[in-house]
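Q: What follows is each chain in one-letter form.
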Amino acid sequence: MNGFITTRRYARVLDLPISFPQTELRAGKAIVITQLPLALHQRLELRALTLVVNAILTPGVVPIYLNTALSICSVGLYQGTMLTGPLAYTAFTEMTSITNPFSPCIIETPGTYNVIISNNTSNTDLSLTATGAIKLYY
Amino acid sequence: MNNQLESALVIALRETIKWESAVEASASGTLTPVVPALPFDAVTYQARDRQLAYRDLIVSAAVVEVAVQVGDVWNYSTLKPTLQGPAPFSLPFVGTEAGTYSSQIRHVLNTSIPYDAARYADADLYGRDALIYEVLARACSSTFTDPSIPQIDSAGTLIPSTSIWSLGEGYAAKADINTALPLDRDLFKNPDRNLADRDNQLAGYVAQLAQALKNPFENALRLYIQVEAYGTVQREPDIYALTRDDGTHRVFQTEPALAGANQIIYNSQAHTLQWIRERVDEVHVPQIYAMEISGIEFGQTITTLAAVPEGKDAQYWRGKADQLEPNGIKVADTDVELLTTNNSATSGGYMQYGSASLTVPGAISFTMNGSLPPGDYRVSVLVKPNHTVEIAGAQNVSNTSGTLGGATFDIDVPSGSISLKTYLVEDGDGIVYNGSLYLPGDVFAGTNALATYTQYGIVTSTVRQYAINFLLALPEGPWNVRLEYTNLSGTTDSFSIKGVYTAAGAEAVPVIQDIAPLPFTTTNGNIVITPGASMDVANTGPFSFPIYWTGGDGQFHVRKLIFESDTTVGRYALTGTFAGSTAQADVTGNDKITGVVRWQYSSAGSSVGTIPLIIDYTEEPALPLQFQQVQVQTLSNFLPTPLSQNFQGWRQECLERAERSIAQGYQMAVDAYGTDLPSFRTSGSGWSPDATEEWMSFVEVYNPRVREVPAIATDGIADGYQYQVDTPYVIYAGTVFTAGQKFYGVASSGTSYSSGTVHQVGAFIKSQPGHVGRPALVPYGLYFDGTDYAAKAYYDTPFSTPTVMACQPWMIEYGLYVAQQEFWMPETIGLTLPA
Amino acid sequence: MAYLTESQLRNVMDIPIALPSTDLHMGDWVMLAAVKISVPMRLTYRVCNLQLSACTVDTALITAGNKIYGNLGLAYLTLRKDYTSGSPGAAGGLDVLISNALGITSRNPDNIVELTTAGVYSWIIASNMQPSTDTVPLIPVSTSINFRLAVNGTARLELNRA
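Chains as they are written, first to last, in the numbering used here: chain A, 1 to 138; chain B, 1 to 835; chain C, 1 to 162.
Zero decoy hints are in this set.
Derived DSBU-like pairs (lysine-lysine); straight-line CA-CA distance at most 30 Å:
1) B:Lys592 / A:Lys29
2) B:Lys766 / B:Lys792
3) C:Lys81 / B:Lys330
4) B:Lys312 / B:Lys330
5) B:Lys792 / B:Lys592
Calculated directly from the structure, the hints in this document are not laboratory data.
Bound-form chain A, shown alone (with noise of 0.2 Å):
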């Protein structure tokens, strides 16, 4: 892992985009920003992945979490749907946050893995903006 890259290594490491330019985002409502198909052999690396909080459309309301755990908003890697259960999330704490990108999340089964940006509140419409990149070694 520690070796030089050759051109040929180098062509078969990408970055894949996590893109989600600011949008309205309802109460209640999830999106799946992108999915990821990893066949054997692959590897995926999540370092980055920011979540902004660009407005709460509904202002003087106080929010009424649908999952506590995971503030008003946030956006993660999941291997299923259960929003709880993320493989790599960052939720909001203030405007801006981002995932630790000094500890990658490796993914390297098989499988479909989802990248999911929520609206944890039933009564706050947000304005949500995401990015990131995924690499992928094939």
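Starting from the known structure of chain A, fit chains B and C onto it as the hints suggest.
A: Same frame as chain A, but now just chains B and C:
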């Protein structure tokens, strides 16, 4: 340590110990004997001198060997002579050949006879060689854990240690006993003086080397330091490399190379050692140098190991990872957990095969034991939506139990054994129970108040159990039900079985109609499954589902009821009540895809004892949910290591090094087993929790400190594995180890320990629900098959190399191991909990 | 100039700045991407393309009176630090890519923006259009000048700038 030929330090050294006319001596250490009664033979005397010269070469080889070991251990090149040819470094010794051990030489005089050269001068020269060698060997033995040269007098009874060295009239003049020369004093003395001179050189080298061994800190380029306290290693041996030497301070640093931290500083003026660890809150008072000095905390010692650094394993990297704390929120495991839920810790819901469940909205409660500090909590539950609901036969409400969790119908029930069950009268003239007559074929309900019945008429009737009842709730809609059953005793060729669905307040609906007997043609005990029967569940209220054994001989046994629907997606709004507050979770799940539900709480106080978690499932009734494991973790803030901003990748680096060491050990095991390699897959590529444990055992072959295993059996100590004491003390091989101390199993000390409990030390721990996303050790090629809803291993053992990757919920179900908390980083960067 | 190792490559990733074809109304703006960096990371921005594919009015009729900021063209993509709210065209932006006509406008990749200070860096696409302030506007003030546009670019994030 003194008496290491200090007076030889002044001898000016030459670079080479020359071969000259040395001749290989006997391996036993004896010199060619001189028989004084025989005529003078110069060749004999010549041979002895040459053999003594060879013994000098052996001693110089020993000097070189020790110098090489100094280089291996302390990474610097020390003084060593050049040899002109190969010689062994172990000096053979025969006590009778030696004269004095005081380094003097009784040279021949003009009045001496030739035999005096042999019995006095040669003997003293032999003694000098032995003295030089032994001084070096003793210095080596007292310094290194694995000395490179053996001692010849380890008891110290023969050869003294001394600081005095006699030059013995040494003079570097190549001289030999030559029969052409006059037979005078110088014929014998000059060669002896030459030998004395060679000894002087060797004594000088040994004296210098002994000084270097006394204080390696003066010259070392690398130190190998271990920190201990109260008989247990706190920090495993670390390599400190010399990073700066300004003439006064020699600064050695280890990883992580934080600015001004993780250093050992040797002050060459004051001859002191000081340790600066990663936290600079407490300062180490510089100690006078020694191989073992006091540390910072009470009872702590800092030991410089004179050994070549060895390969590091995952447990070592676990300790190293813990030496640097990042900035952010720390998630820590507690002892409040449920590893399984199919036990009395659960109340509410419906108990399915293997785990508790809520089939429809309702409440379920888990009672855990442990201690919880004050703070924020994260409660994680491993769940699995499952449209297959398996109810064990013994989960009936008719007080009927049986083998392997099933329900065995009572047969030949004697009077006196009637209880609260439904019975059938067979054969005979009938029975009278509780004042009523029941003829053969009649069914009656027993009560606990009356256990007896009487026979009616002449021909005896028998009584057997007729029905067992199940109480269950399922989501509305179409369901399919099957029964697993068998015959346990007697013989039968068929059973007539009836199953009825009765919703509360509604008419009974036959689901399994006993229109014709179901053949039973297999051996007693083998499971048979009824064909699927459809039923429509009217509402989510509890319904009764009695199973009737309406016909057939033998002894009917119900192993399992299996209810199945087509629903594949469910939504779960779950309120969790824990530590006096509630939190919400609202998630969707897919059939047979394991997931984790998580709640987060804040709490002011701590709790000890029984700690309940109550889950209220409020919406939506569609897909039953199994609850498999519960775990409670605490959230707190890390105490960041000062100046560690640029070292945020440190824990990940340690994890990767641990992974590499495990993978290397695994490959060694694969190579070692060769064609006898075990396989862990079942039925082709199937995987199971047992397969995980067996695979981990294989990983442990060359990585004994990979897996943490709790509560080792009292005869379960294995050679090479490390254990830590959990109770106040344990006794192993006669030694008492107190709480927190670690020890290694040793084959010669046996497998048993007593008086307490220990756990096996390892860098990875069994995964639990709160570990989703954390680094897990996974066999390469393992995956979750979305068609069969089971884990499978694509590769067999040779290619199932341990690989570290994010833990997914299905991995927790299959018992894979995750890296211990010391490797964990905060999930989100730059965030801390509010004070 | 050192060789690149596999472990160094792991620390480098390309962050997308992407907007699929979107209708942007007059005066509106949308955040496309955001990255939060901390020490010792480095974010390098070189390449971006802004494509204005359609407009609800004839762009020849757009005058200076229709522009909120006279020098920011029809629409602009700006890079800002720690942006929370407010007009993205306000002073203090780190970089701007301005589109003055329909078609593709590309950023000069040799104009490298290197960011190492900790903070949140966001890319915001904004419409520079407003109802005309001219006395005799060519485009009626009731008409909304909307664009259909797409953005495609990337920024390189290095976790370890050393």
